[in-house]
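Engineer: Position chain B against the provided structure of chain A, taking the given hints into account.
2 protein chains.
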Amino acid sequence: MDTADQGAQIEPLLPSASSPIGSSVGRRSLRNDDEAVVDRGGTRSEQRTNFEQEDLEGHRTLYIGVHVPLGSTRHRSHRRHRHHGNKYSRRRSKERARTLVEGRESPIYDTPSQRVQFLLGAEDDDEEHIPHDLFTEMDEICVREGQDSEWRESARWLKFEEDVEDGGERWSKPYVATLSLHSLFELRCCIINSTVLLDMRASTIEEIADMVLDHQDLYSPLGDELRKKVRETLLKQHHHQNQKKLANRLPLVRSIKKNMTLVHKINSCQLTASQSQLAVQDGKGDISRDNSSVDFSKIDIHFMKKIPPGAEACNVLVGELEFLNKPVVAFVRLSPAVLLNGLAEVPIATRFLFILLGPLGRGPQYHEIGRSIATLMTDEKRKKSNILPNGLVEGDEEEEHDAHGSPELQRTGRWFGGLILDIKRKVPHYLSDYTDAFSLQCVASFLFLYCACMSPVITFGGLLGEATEGRISAIESLFGASLTGIAYSLFAGQPLTILGSTGPVLVFEKILFKFCKEYGLSYLSLRTCIGLWTAFLCILLVATDASSLVCYITRFTEEAFASLICIIFIYEALEKLIHLGKHYPFNKNNNLDKLTLYSCSCVEPSDPTNGTLKYWEMNNITASEIYWEALEVKGCIENRGEFVGSACGPQGPYVPDVLFWCVILFFSTVFMSAFLKEFKFSNYFPTKVRSVISDFAVFITILTMVLVDYALGVPSPKLKVPSVFKPTRDDRGWFITPLGPNPWWTAVITVVPAMLCTILIFMDQQITAVIINRKEHKLKKGCGYHLDLFMVGVMLGVCSLMGLPWFVAATVLSITHVNSLKLESECSAPGEQPKFLGIREQRFTGLMIFALMGCSVFMTSVLKFIPMPVLYGVFLYMGASSLRGIQLFDRLRLFGMPAKHQPDFIYLRHVPLRKVHLFTIIQLSCLVLLWIIKTSRAAIVFPMMVLALVFIRKLMDCIFTKRELSWLDDLMPESKKKKLEDAEEVFSPPSFLNK
Amino acid sequence: MDTADQGAQIEPLLPSASSPIGSSVGRRSLRNDDEAVVDRGGTRSEQRTNFEQEDLEGHRTLYIGVHVPLGSTRHRSHRRHRHHGNKYSRRRSKERARTLVEGRESPIYDTPSQRVQFLLGAEDDDEEHIPHDLFTEMDEICVREGQDSEWRESARWLKFEEDVEDGGERWSKPYVATLSLHSLFELRCCIINSTVLLDMRASTIEEIADMVLDHQDLYSPLGDELRKKVRETLLKQHHHQNQKKLANRLPLVRSIKKNMTLVHKINSCQLTASQSQLAVQDGKGDISRDNSSVDFSKIDIHFMKKIPPGAEACNVLVGELEFLNKPVVAFVRLSPAVLLNGLAEVPIATRFLFILLGPLGRGPQYHEIGRSIATLMTDEKRKKSNILPNGLVEGDEEEEHDAHGSPELQRTGRWFGGLILDIKRKVPHYLSDYTDAFSLQCVASFLFLYCACMSPVITFGGLLGEATEGRISAIESLFGASLTGIAYSLFAGQPLTILGSTGPVLVFEKILFKFCKEYGLSYLSLRTCIGLWTAFLCILLVATDASSLVCYITRFTEEAFASLICIIFIYEALEKLIHLGKHYPFNKNNNLDKLTLYSCSCVEPSDPTNGTLKYWEMNNITASEIYWEALEVKGCIENRGEFVGSACGPQGPYVPDVLFWCVILFFSTVFMSAFLKEFKFSNYFPTKVRSVISDFAVFITILTMVLVDYALGVPSPKLKVPSVFKPTRDDRGWFITPLGPNPWWTAVITVVPAMLCTILIFMDQQITAVIINRKEHKLKKGCGYHLDLFMVGVMLGVCSLMGLPWFVAATVLSITHVNSLKLESECSAPGEQPKFLGIREQRFTGLMIFALMGCSVFMTSVLKFIPMPVLYGVFLYMGASSLRGIQLFDRLRLFGMPAKHQPDFIYLRHVPLRKVHLFTIIQLSCLVLLWIIKTSRAAIVFPMMVLALVFIRKLMDCIFTKRELSWLDDLMPESKKKKLEDAEEVFSPPSFLNK
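Chains A and B supply the protein sequences, listed in that same order.
When we follow the UniProt record's numbering, the leftmost residue of the first sequence carries the number 1, and every step to the right adds one.
When we follow the UniProt record's numbering, the leftmost residue of the second sequence carries the number 1, and every step to the right adds one.
Next up, chain A with everything else stripped away, as it sits in the complex:
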């Protein structure tokens, strides 16, 4: 080489080598964010300037500097030693660079095979040069004692590298290969001095060997004898790792089959046509190999699953041969790819072959060179993403706008325009909404949520019953929920939303009932009027596409709302548990030795109060006629008796054991649910078993707890379900007339409370829908805000007419529903984490939950065994698990962390900590305000306050810069942003220091 080459010398060998090997992947797969070990390329300096076209193009035209033998290539290779001189390539790459910058990079430069192709100049898109995924296998020549030498698999690459651990007879953990600079240098040297045969047409390894050796003879002849030996070596049989494992156990089978020749077909669900061609084998050298692929076909299939469909093989063969005095190196690209049977451990067609045979004594070096070429061939880390300062990728920016300003939320300007579009969008998915539910996960989901939904519906009914003197109670609540739920699940735009009863509705009904009682109006009729008006107003909102206003609900509002609801869930779960202490008081001053003297019996009040006397009079009770001592607790309370004795608490006898048992049940439920849910991430049992256990976590927990509770027999409070299907009070039927006994003007005046009610319904419904439709959930079937609201409105009318309570989207239940239907990729490269693919979007689970709820009346005999503390535990679990993924809590935790321990949140990289804290404090204040309102008597204005949050958020534009808000209040998931930023790379332009 001349001095002109010196400049080229500092250009990378292959472009992939200049990517920081092990960088982005390494970081992403690290679960432990607070550990400090993996690179992000180190390129996030603010001083970075824009890259010029020149740089990009220069980068792209790096070349490999190999001797490309013209005779053996079908496409003429471009042979350029200095890219600056080549006008043609310069223009071409300029074009390419432009497409790159515009974010519309064609997928054609993605795979390694393709990159090599491009570098070699054969970039035409004929059918033989379509890029494929690559499976790379490295075999090394190995001399077995007393036997013939053979090729032995020593490593394989499928995204990550796996080595054969010969001692342990197993594959190593998959890991990101890092290469030594030295071996890359050596590899470069190898390729420069080697035989490179592109687009070779060959169908057997024999042909390939011949062509390689022919070419070798042309440039650096080996001599006949050596040539023969090398050829023999290349044709030696290949021994794969999985083969060995079973071969050890099956010596008998092996020997029996030794002389059989088999023709076999492979279950080629994933194989392309070219791969499934399997030649009949001759019965000589290939017997045992052939044999084994029959015996172990199952194992192959298992690993086959991990190989992406359409992948091709790259075989790297390296080894030391004692008879060689100089190395034989060849790089072969086959066209078309050929299934060289037995060469790779899986029956896929081979596209590339790298051969390195050298003199004895340099084994480790050959091994390293083999690893280098294999890693370069497999490397997929080069990504082009031009990140804008605010963290948005150019190409993604459009998509970003979709998040909220999506077509679903565009004002159409026509009456019911949004609704019609929603229906049009939903109809094509309607069938799949049922077929997609075919999964065990869905069964787990609806069983879990059925249990979870029952208790609040019944409790709500009970509370309503107390408030309305039984006019609307548990059975009405159950019936209403079931009816509304079924209709909603069948026809709503987002059937993942679960309807439930909400606090503000309860407050509203209470106020209404009080009002009616005071003014002597019929409560049921009045509420029917209001309900009908509300339904009408809701439908009016649908008609005017009012749902498109939800685009003003940013993450700030959404998270404050969701956090509040979750916290209320947790708070109420704990409150209910503590409340049990009132019902089941325990004796704090038990003297165990005096237990024989303890008792608590009912006696006649020694000094009855006036109230008691009045009560007795009213109920015709004659105190002296009652045999007080024989009265049970209930009877004693009914007759206003007094409890006397050392085992008496303030309200009645102390209840032994129940409270503590409830506490045990409660916390056991919480811990067991959490543990089983996390079981998916443990290392025990096969993946399927684990995921089933994880899916059924809560159901298994409830079942276990019911059994334990039943076995122990402690009378803990149980779920009480109405057992007969009829209205609670006999003076009402299943249809309520809107006017009834009320004066006619009530029908008009009720429009005023109906407006309040509408805001209440609208906010509750839509903000939950926004949370469910979050981009993080990767929903594919689109949302349907208008259709959702329409269904809620219609069912609200129906419920009002039937005298049933109203139901709106319930935040925590909906989030739990979505979480229980998460879909993850099953098949991935070894060592790769399963990817979150989306949610099982279907109508079946919702339908089943509410259908079962409707049938609950007939299942009381089973449901009465469920202890309430277990359900409280489930609530706590649901509330806590719904809090996950809420950034507000991540940010709250930052307060307690010293700076160096803070996780690597993307916004911390870009926004000063004090600004982050300020944002958190504002959000927290809003949350506290909401909390106060929600729990105070003013609960009814709560939806308006949520609306107010939107304005507070707008005001924050004054305090924070746009850039900061784009990081802090943005809908793009954290993980995605970080990935984008980590993938960011410096485009390495050609050397600037050449003289």
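For identical chains, the list gives no copy identity; a pair is met inside one copy or between any two copies.
Pairs of lysine-lysine residues, derived as DSSO-like cross-links and limited to a Cα-Cα distance of at most 30 angstroms, are as follows:
| hint | residue 1 | residue 2 |
| --- | --- | --- |
| 1 | Lys582 | Lys594 |
| 2 | Lys634 | Lys588 |
| 3 | Lys588 | Lys718 |
| 4 | Lys634 | Lys594 |
| 5 | Lys634 | Lys614 |
| 6 | Lys582 | Lys718 |
| 7 | Lys381 | Lys900 |
| 8 | Lys835 | Lys305 |
| 9 | Lys718 | Lys634 |
| 10 | Lys588 | Lys576 |
| 11 | Lys688 | Lys900 |
| 12 | Lys775 | Lys688 |
| 13 | Lys306 | Lys900 |
| 14 | Lys915 | Lys305 |
| 15 | Lys517 | Lys614 |
| 16 | Lys775 | Lys381 |
If you are wondering where the hints come from, they were derived from the structure by calculation, not from laboratory data.
Computed from a prediction, not measured in an experiment: that's the story for all the values here.
Structural biologist: Chain B only, in chain A's frame:
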């Protein structure tokens, strides 16, 4: 360059570049073993051959190929273009290679600065070329709007790389830098074409700038104007990250101080003499810098702590300058190192300077080149370890033998030879055994262990009291434990061992008592005889150095024993909890409504049995005279009354609440202890707070639980401590005569049971000592098996004469003691995990535990508040936490794991899974066998069975190969082995492909 250079071309630029960047460290710091992302160099192929001397030396003599300007170096640099031609260097490096292989590599080639030094030929060990740790800082030139440009810190290296995250105004997480191949090429090119000035004598940055520019003018003149501008640039002030953070908040302070010139001293506890020299600053350019280092000296100090003492700085200065048309590159080594004030963010002397100033538009490239040189300078990953096939490092092999065949356990052949050596070894540490205890951790430790030890001692005493009809009971046990413990802590060889009572001793005493009763012998006198004989035999064993036999106790035996003891601990904790159910029965069929009718009172037995009648007669009880209904529980039982009523269980009245409350206390204790202990690894609060909480975990838990229990008032069972210091029975004193009323021959015959007893004591004592003295614990003061046994023997005699029970080393308590005294490095590089340094070896904690125990008699008023279930919870926690680090359990878990999820245990890499499983099964069978024996009546032969384990282990030599056993049954900690193997590297010999 001529063609001869082509060969050199494929040699690495700097030797560290050929190490797989980010490999070993990356893997080590990954907490999550099942994640699959980091490299181990990929060199663990079985085909690896031995490396020849030639390769090693070739590797070592790689050179950098830079123009070394002779004028500016003090030592003549060796300028070799082909190392083969240089006989001198060849011989030298050969010697070096030999020392390497022999594992006695001198530390002189360890640090990067040194490596560069060696490469540059300046390898003489004068005082100016002592290797130092390096802190590397990269500054980039940055133009501020409307202001002067300045150098702005953009990254720093201290083991790991940290980048300035300008947006977030903070440091990024520390991470392993990975470099792009391209920028390494460019760096090489830079150095080839740059100014290299070695051993420059300069004291200010001005001098350095002048010398660099002088040299630049020689080879490639810039012209006067440019030179002036470049010089100005080099002298611009430096702006550091921590400076900025506070500067934002203190604009006022800054402006006020603007014109002040300050001379200040740095708290230089860690600074070497050369570093602490601080020049007086001139009041011009350096003001604000100077200023800031005063304001923020505290922050500097904080980071200073992380910098190893004696470290020097390497400053990398890169930037684009619009006026330059060609790059200015310089590499400077200062000699001596100079504190260039304000250059580095911490006031340490600068040794190296790398300057790269280039034309505009290539900023990112300069940045990458800067990162490359900085990473190469900081890189510490090159390790030379020649691993033998069985996983032992050559240099370590000797050390390995030490583990068990250490001098402590060598037979001396002299009477009491071992004991004398033990004492000689221990005496020099004796003072430090008390001074080393000066730490809060020790307080936490003894408080925790005092609580933990009390309960078993008292329980044991109680059981013994039952078995011996009160001849030896709780107070004797307490007194004996305290006496033995204090003596042992004061004088034993391994004061970390905690003495306690063991099961076999109890069984032995029981048998003895039964025997004495049957044959009418005096139990106390007989056991004194046996005890004296045992003491004598123990001392005989000490005299004959019998303890040296413990070297036959391998990990196999040790783990089976330790596991058993831990499992028994856990089992007993749970058993005791369940046992509470008998004492505190609860009513399973409570009808809450009938509580008013519930009672359980004492009545006269309607149909007294003969036994009862007899009992009454004996105790002068007249049934008819007793007012049965008024009897309390105790009285009723004493008088053999009957319990009648709906609140009665089979034995007496149902006890409300207590059992469930105990369950709650028990599990709360377990979870809270575990949580607080783990709190050290959470991200909240500063490190110190966390470690204190973690140290006091169990004590805080006990305290909390006592308070909660007290507040609730449920009569849970409490710890009962004797309150008066006198023998339980009045018929015995504190001295027992060995013969007493027994015939004279008992004194002789008792030698037979004494022999059994001796084996029992010996095995229990020594195996626990082996576990405590494990190499993993990194003990520095050595062990003292002979001395330990001597102390135990002597105290056994004393206890026997005083009629107190015998005490031996208690495994779980000892392990817990050691675990509570773990010492971790406080100061480490950012991102580095704290290292386990060893154990706080001292006598204070042991002394305090047993001294407190002796005083317990006077603390009954406090101790009586401790609920027993809390202590049971502590036992469960201790048992479970002692199981950690026992490989047997790691291996057991493998059974439930699919192969791909199995952690990357080192033995799995080298031993086939089925062999690992076989080993586990054998060990498990032994464990089960031991369990059966220990819990059966034959518990007394348990120590013999432990001995039998040693023989079983010997038999296993037939089933397993030596290699396999070396991996499975080895004392080297897993982590160390893995580190060694990961550090393993292929020595890259010079290119073999050059033609």
